[in-house]
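Given the sequences, and given the hints that come with them, work out the whole structure.
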Amino acid sequence: GRHHNITSHSDTPEKSTMAIMKKALLLALAASSASAFAFSPRANVGKSVQTFNGVPPVVGKQFAKTAPSTSLALSSSGGAAAVEEEDSGSDLADTLKTGSYFALWYLFNIGYNIYNKKALNAVAYPWTIATIQMATGILYFLPLWLTGLRKAPKLSLDDLKTLFPIALCHTGVHVGAVIALGAGAVSFAHIVKASEPVVTCGANALLLGEVLPAKVYATLLPIIGGVAIASMKELSFTMLALGSAMLSNVSSSLRGVLSKKTMSGKQIGENLDAQNLYAVLTAMSTVLLIPMCLAVEGTGFFPAFKAAVDTGDFTTKSLSILMALSGATYYLYNEVAFLALGKVNPVTHAVGNTIKRVVIIVASVIAFKTPMSTGSIIGSTIAILGTLLYSLAMNSVKK
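This note's numbering applies: residue 1 is where the sequence shown begins, and numbers increase by one.
Simulated from the structure, these hints should not be mistaken for lab results. Among these hints, one or two may not hold up.
Subject to a maximum C-alpha distance of 20 angstroms in a straight line, what follows is the list of computed SDA-like cross-link-like pairs (lysine to any residue) [claimed, not checked]:
no.	residue 1	residue 2
1	Lys261	Gly243
2	Lys260	Thr311
3	Lys261	Lys398
4	Lys369	Leu120
5	Lys261	Lys317
6	Lys118	Thr311
7	Lys306	Lys317
8	Lys118	Leu240
This is the structure we're talking about:
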């Protein structure tokens, strides 16, 4: 087994989460600068790929230098336009903002994946945990609305009807992911979720009638192949993990397509910006989830929670804090992701998502010492490279 070197440095489990978060932060920084090259709509693709392979010089002093290119590359206005606009300060500030959204998105996401898996390991009730995480968001935005720090949205019944399908998708994304993360290794769930561009292409073709050139579809093959190899060689493979991760993919693609469709045309309600849209979806999903989770799992969560405390691994307080942290990081990473989606096109977003998965796979292997088989490493690498090719192909089409 060549893969043992990944798991060899097993520290004690109590090794402070801070150390993990530090590693995660570095990874997030490296990834957000590296993603500059993946997103970059420039012509010299060959050059940017070389730089992409040599990521190390990015961290540290270089980071200051790459920041403008990160922000430029993340700018949704495409290559030539972006170059001309570099002079205007406000535009640079805007693109820097986008870059920081991406970095925060990665950071909160790594935090969420670690807290969520720890919570699921302690109490194996994914539906209930998904509901708690969804409901935690309400504690964040309700006070903001009530105090008037953020304008509360005013929605009619018709508006809610329009948003209902998006809320359903939103619920599917979350429940699917939580079940998948509980059913197998974190790394495996994300390898499957990396195939999202495939689903997005399908959803765009079916719902928006968007047909893309053959070369874009060709890049989907390594994604599918890589996920297949990784699935075959995955040590913790279960159909449940595969199926629920795919449910999450389909829901996510549909949510992206529907929200773009819904958001672009008409004004819905009052004060419904990206953050409020996400808040409203969270509230609607919570309402949907409560009956669903009671139907599936009943109230089994509470005795299981008590049992987890009785084993002595957790106190009631520490386990509650863990659940709350998983909910808070879930809400924050999604809010930031929505802000990022508002700034870039859905494809860039899908790619940002995939690079984020690489970071999470690495972070979770470090945090949970999950061994990955050589086949799984090869498969996930192929899938992730496929996503990179997909993004470059999409960029050349958009020019």
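Against the structure, the hints come out as follows:
no., hint, in the structure
1, Lys261 <-> Gly243, "violated (27 angstroms)"
2, Lys260 <-> Thr311, "violated (47 angstroms)"
3, Lys261 <-> Lys398, "holds (19 angstroms)"
4, Lys369 <-> Leu120, "holds (16 angstroms)"
5, Lys261 <-> Lys317, "violated (43 angstroms)"
6, Lys118 <-> Thr311, "holds (15 angstroms)"
7, Lys306 <-> Lys317, "holds (11 angstroms)"
8, Lys118 <-> Leu240, "holds (19 angstroms)"
In terms of the numbered hints stated before, the structure departs from hints 1, 2 and 5, listed from lowest to highest.
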